[in-house]
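Visitor: Each chain, letter by letter, is given below.
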Amino acid sequence: MVKGVGFNSWRRVGPVLPSIKLYNSRDVDELILVDISASIEDNKPDHDSVSDFAKECSVPFTVGGGITNTEQIISLLHAGADKIAINTAAYKNPDLIDAAAKLFGAQCVVVSIDAKRLTDGKFTCFSHSATVDTSKSPAEWAREIASRGAGEILLTSIDRDGTMLGYDLELIEHVSNAVDIPVIASGGAGSYAHMVDAVKHAGASAVAAASIFHFTEQTPAGAKKAMQAAGIPVRRDFLNIVNV
Amino acid sequence: MKVAIINYGVGNLASVARAFEDIGANVFVANHPSALHDANRIVLPGVGSFAESMECLVSAGWSDALDEVVVEQGKPLLGICLGMQMLASFGLEGGETKGLGYIPGTVKRLDEIGCKFRIPHVGWNDISYLKAGPLFDGIQNFSDFYFVHSFAFVSENKDHVIATTSYDCKLTAVVQKGNIFGCQFHPEKSSKAGRQLLRNFLNYAPC
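Residue numbers (my numbering), protein chains in the order written: chain A, 1 to 244; chain B, 1001 to 1207.
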């Protein structure tokens, strides 16, 4: 497992499985696992590992990275993924979105958008793990993704990713205003307040975070308390049952 | 006590099976309708399209087997998500399709029943009990479960709706008619609350 800053300078965080067990025990709402080198190295998704990881997950588990066709999706779902995320392949072959949504249902199809700010203040989408500029506007691409049947959009700010300086609220607003499907904000969370802002002020339906939980003392439970205090409905802890 | 999970070609069976294994159940995947005769509990999972899934259920003989084993013999059945929706009389996704008809009602798109929020309804949401039920033992009212759906079950008889959830409007979360149960959310993806619900389904003893 690695963490970078701006999709660069990756540092190792540790093996994946213990992290999955940890976050599952901390009762995060969902887990997303992306193989970030897959599209650059032309790797296929590793469904054996997915199987091991899915066994430890009692909350929804989304898997992405290098998915280019529906056979791989079938294999990942059988291995235990609940949803799959596609990114690079969707630019080259947008019909994959329609095909996946039709075969597996929209609820299973997350399309990831990685976006950067341009010098003129506009945004552009990047593919191949933030190495190739697609020249597409995130809002325009999001509209196409939604019309092709995707269930959710995972929107990551390349500039803010790993910085813990806050989500890119303008980017989030730009995309969430363009579509009627849920948008998950990602990239930049460094405090609970950042998460509150993304939902309350920028229209995100959900927030995703990594560095804040890998590298600071802040916790998913703390985040949810803060969001609840700010008036955002969140899942509370299940109190009544002794663990068997 | 054997739990059969119906494999009719759609849906992610693995997480449903694993959830039952986690709570110590003797679970197996039923690949042929005759296997239902071996089961004490039956689970109907479901993901995707109502019409296509009903087509699979009917053409492979599952609906006939369920009529016999669940309706006539009274074995408890739990429908999950689309599996719950297929318990209805009709589904209105892309035209009108007949459902199993076990619990009278129609399945409609969320925006057709007045919901103006983003579709699909995806994420955790709390459920509100309308009446006590064996599925709710040990689960506090307003507990959260994981939902992901674009259609909802509109019951003809309000007595069959035993829990709702709120997403702009009230949506059916759990239905029950005798030994037949359905939940719109995914108990296998709902962490501890979900596991407890599955445990309750196993422990349910019809009189």
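In short, the hints are calculated from the structure, not lab data. Errors might be hidden in some of the hints.
[Unchecked claim] List time: in silico BS3-like cross-link candidates among lysine-lysine, alpha-carbon distance up to 25 Å:
1) B:K1116 with A:K102
2) B:K1192 with A:K224
3) B:K1098 with A:K102
4) B:K1098 with B:K1131
5) B:K1131 with B:K1108
[Stated by the list, open to error] Taking beta-carbon pairs under 7 Å as the criterion, some of the chain A residues facing chain B (in silico):
6) D29
7) S58
8) V59
9) P60
10) L77
11) R148
12) G149
13) G151
14) I181
Predicted model only: the values in this text are computed from it and were never measured. In this text, a Cβ means the ideal position worked out from N, Cα and C, and glycines have one as well.
Visitor: Which numbered conditions among the earlier hints are violated in the structure presented, ordered from lowest to highest?
Guide: Those not satisfied are hints 4, 11 and 12.
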